[in-house]
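J.: Here is how the chains run, residue by residue.
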Amino acid sequence: MELKLPALGENITQGTVTKVLVKSGDSISKGQSILELETDKAVLEVPSPEAGVVSAVLVKAGDVVKVGSPVFRLGGTAAAAPATPKKESPKAAPAAAPVQAAVPAPAAPATPAHMPVRANVSAAPSVRLFAREIGIDIGQVPGSGTGGRISVEDVKKYAKALNTSRPAGGGGGIAPQPLPDFSKWGTVRREAMNNVRRKTAEHLSYAWATIPHVTQFEKADITELDKVRRRFSDDKRKLSITPFIIKVIAAGLKKFPQFNTSVDMATNEIIYKDYVNVGVAVDTDRGLIVPVLKNVDKMSIMQISDELVAIAERARGRKTTIEEMSGGCFTISNLGGIGGTFFTPIINSPETAILGVSRGVVEHVHTEGHFAARLMLPLSLSYDHRVIDGADGARFIRFVAEALHQPFVLDLQK
Amino acid sequence: MSQSVQLVVIGAGPGGYAAAFGASDMGMDVALIDKEPNPGGVCTWRGCIPSKAFLHAAKVISEAKHASAFGIEYNTPKIDVNKLRDWKKSVVNKLTGGLGQLTKARKIKYVQGEATFVNSNTISVKKADGGSEQLTFQKAIIATGSRPSVIPNLPRSKHIWDSTDALEMEAVPQTLLVVGGGYIGMELGTVYYELGSKVSVVEMMPGLLPGADKDLSDVLYKRVKGMFTKIMLETKVVKMEETPKGITVTFAGKDGKEFKEEYSKVLVSVGRKPNSENLGLEKTKVRVNARGFIEVNDQRRSADENIYAIGDVAGDPMLAHKASHEGHLAIEAIAGKKVAWEPQAIPAVVFTDPEIAWCGLTELDAQKQGKEVHVVKFPWGASGRALTLDRQDGLTKLIIDPKTERILGVGIVGVGAGEMISEGVLAVEMGSVAKDLKLTIHPHPTLSETIMETAESFFGQSTHIYKPKK
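Which chain is which? The protein sequence lines are U and X, in order. Using the numbering used here, read the first sequence as starting at 1 and increasing by one per residue. Using the numbering used here, read the second sequence as starting at 1001 and increasing by one per residue.
The set of hints was computed from the structure by calculation and includes no laboratory data. Note that the structure is predicted; figures quoted are calculated from it, not measured. Please note that a few of the clues may not be correct.
What the hints assert, rightly or not - When the alpha-carbon atoms are kept at most 30 Å apart in a straight line, the in silico DSS-like pairs for lysine-lysine are as follows: (1) U/K60 to X/K1245; (2) X/K1089 to X/K1078; (3) X/K1245 to X/K1158; (4) X/K1089 to U/K156; (5) U/K160 to X/K1338; (6) X/K1338 to U/K157; (7) X/K1260 to U/K19; (8) U/K4 to X/K1338; (9) X/K1107 to U/K160; (10) X/K1158 to X/K1126; (11) U/K66 to X/K1126; (12) X/K1107 to X/K1094; (13) U/K66 to X/K1338; (14) U/K219 to U/K254; (15) U/K156 to X/K1338.
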């Protein structure tokens, strides 16, 4: 029997095999990891949906595999003809083998990645051949012609839509301008984007093109907070400022529900969420990924701190699951460890706001009639102007700044 | 000593030679093996081509007879069977000789003989000139075709013919029984009738041409009923016995009653069997199904990675044009192109008078599949062209998907149906809708107009058919 790539989570249709964890002849149990697969945002270990003995491995590292396409053959039963693209050397064939009893083996399968024959498709033979040549299953292509007839343009359109998971979203429907020949000015090299980079590029282009962004700046006085943070830090657990900010955001999202929304332009509806999940952007060697902390409103600052350390480690070890990266309401991007003051973060669509955090700086601040040295934290709040008005943006960032200024307020709100 | 080639094609019929020629044109080093001195296969040597030569002669006789209806009288024709046979031979020789020249011009290694597999990379050829030769190959295409099926337990007799014997035409028998009302029997029965034989047909099924829609075969039935001495449907042949003058045949009718009849000759045309035996396939991984067809995938590759099969030996329908298309497909698959066998319509033509042709979905298919279809028919009584030919015994019909109005199948009976069906094949392959056919201007006055008019009547209005308003 053929073992097909199981469904791995919403919106995951395919992935690149990074490692094959079993080989032909291995006996595997149900749930055992059989493949390591790099999907758009994460490297996953794929569990086997069945138990059995692997009779053939149909994929190798580097292959792009779609959900539902065969990856292994399990068996030990009928001597099914191998579907591997590898040609058997003619000498390996049992040239002088005795006449074999008729073992039921199906006619050899067609070439790998061969599209199925569709008996009743309304498309000219030339169009069907074109689809086959470019690796499109004509049975999946919607026809725009009379009686649902499929044209070459329909096939091209479908292929394009497959290539960009958000059709026409990438550039907001803007055709790319041709690039100049950069080598005129010096040597250049081209590198393929990895999955994370490609997905980031598509996703942020979409967000930038579809969300009217406004970025509101503010500085929060965290002099007292910093003292608290240091007091509760020890050798085992180094508290950073981020768990405090997450806790403040959790309170802010409850107080300002329009910051915990998504926009459905197809139905002209705003979706309000009653849960509070906050994503934290993590810088990895493969690029930016955003694990999500679930139900932070129900967690203590210490729990959040521990969880943050754990997710950052998993992210850098490529262990983050798709599940861990889904379901965010709001994102925090903390660049304070690197420096800089303000920046204009791009909203992690379909969320409607993001908080950028920069490095705290000691400033002379005029307060209560005199200047004092205060540790000031630059905050940059980008919000979706479709659902959040400028006044609310200012109110929200003031709430955050106040809460950070006077950390005990948080406890009062518990 | 064994020679090595990239591709060996076994069988030089329309499938095999198309594959060999195409592969050679692609730059492959090709060997082509066949029993005959030149390519052509059953189709050219003893099938499509000689039968059509005879059918043409039959048509001339029939039309000359028919001309008296509009005032042109011919004397009864004098038929010189020897000359007719020679003419047929010359047609066959011209065609097969031409194919031989095309083989030489392409520098294809042609070996006259019989090939058997030694293993998945080697064949051994028993040459017609007595020697034998081994050839190693990278890929092989089996295109060995089919042969007439035989009825078991028949006596061996020179009075019992198969289609090959009938096309040899040693003489025109006084009486001829055709066993099997399929296309081969009906075509050859027509030939011998026009040449002067008294022809009878016996068929087990309740209608002629099993597989064709009944409304089409009925038109033919009506005509041959007036020509043939007897058409025995739902009747079985129980026994045949050789007599000094011919064959005595015992029949069993629908009611089980037996009766006897004597004929000068009996033509057995009860289908064809694939030639998959004696090829040494057991030395390869090729698999053959219960009916003797080689099992192939959608690229015509067998269970053996190196071996492909096309044409009659690879499955129904056993038609030359299907074989040649499969030949092209197989060599493209061998060349690594992304191709698959996915025709939407393979035309079938019965070259009787009138001809019957169909393609795509038939009404019978639709019934079997439980598929809802809309069928529109245009009887040729309303065709001006049919009237000028004095041949209104015709019908054009379209099988249409009621939801999308797509043309799913086309069926035609009438003179020239075989030439007309190509438009239907194109319509089905292109995914045409009824409106496309209606809006395509057809020349007047032609029989092809009936296709357009059938499409018109799908929309409730046809120029030459009046339907009273309700």
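J.: Take the hints in turn and mark each one as holding or not.
T.: Hint check results:
no.: 1; hint: U/K60 to X/K1245; result: violated, 74 Å
no.: 2; hint: X/K1089 to X/K1078; result: holds, 20 Å
no.: 3; hint: X/K1245 to X/K1158; result: holds, 11 Å
no.: 4; hint: X/K1089 to U/K156; result: violated, 53 Å
no.: 5; hint: U/K160 to X/K1338; result: holds, 20 Å
no.: 6; hint: X/K1338 to U/K157; result: holds, 20 Å
no.: 7; hint: X/K1260 to U/K19; result: violated, 77 Å
no.: 8; hint: U/K4 to X/K1338; result: holds, 23 Å
no.: 9; hint: X/K1107 to U/K160; result: violated, 45 Å
no.: 10; hint: X/K1158 to X/K1126; result: holds, 29 Å
no.: 11; hint: U/K66 to X/K1126; result: violated, 50 Å
no.: 12; hint: X/K1107 to X/K1094; result: holds, 20 Å
no.: 13; hint: U/K66 to X/K1338; result: holds, 19 Å
no.: 14; hint: U/K219 to U/K254; result: holds, 22 Å
no.: 15; hint: U/K156 to X/K1338; result: holds, 17 Å
In this structure, the earlier hints numbered 1, 4, 7, 9 and 11 are contradicted, and the remaining ones agree with it.
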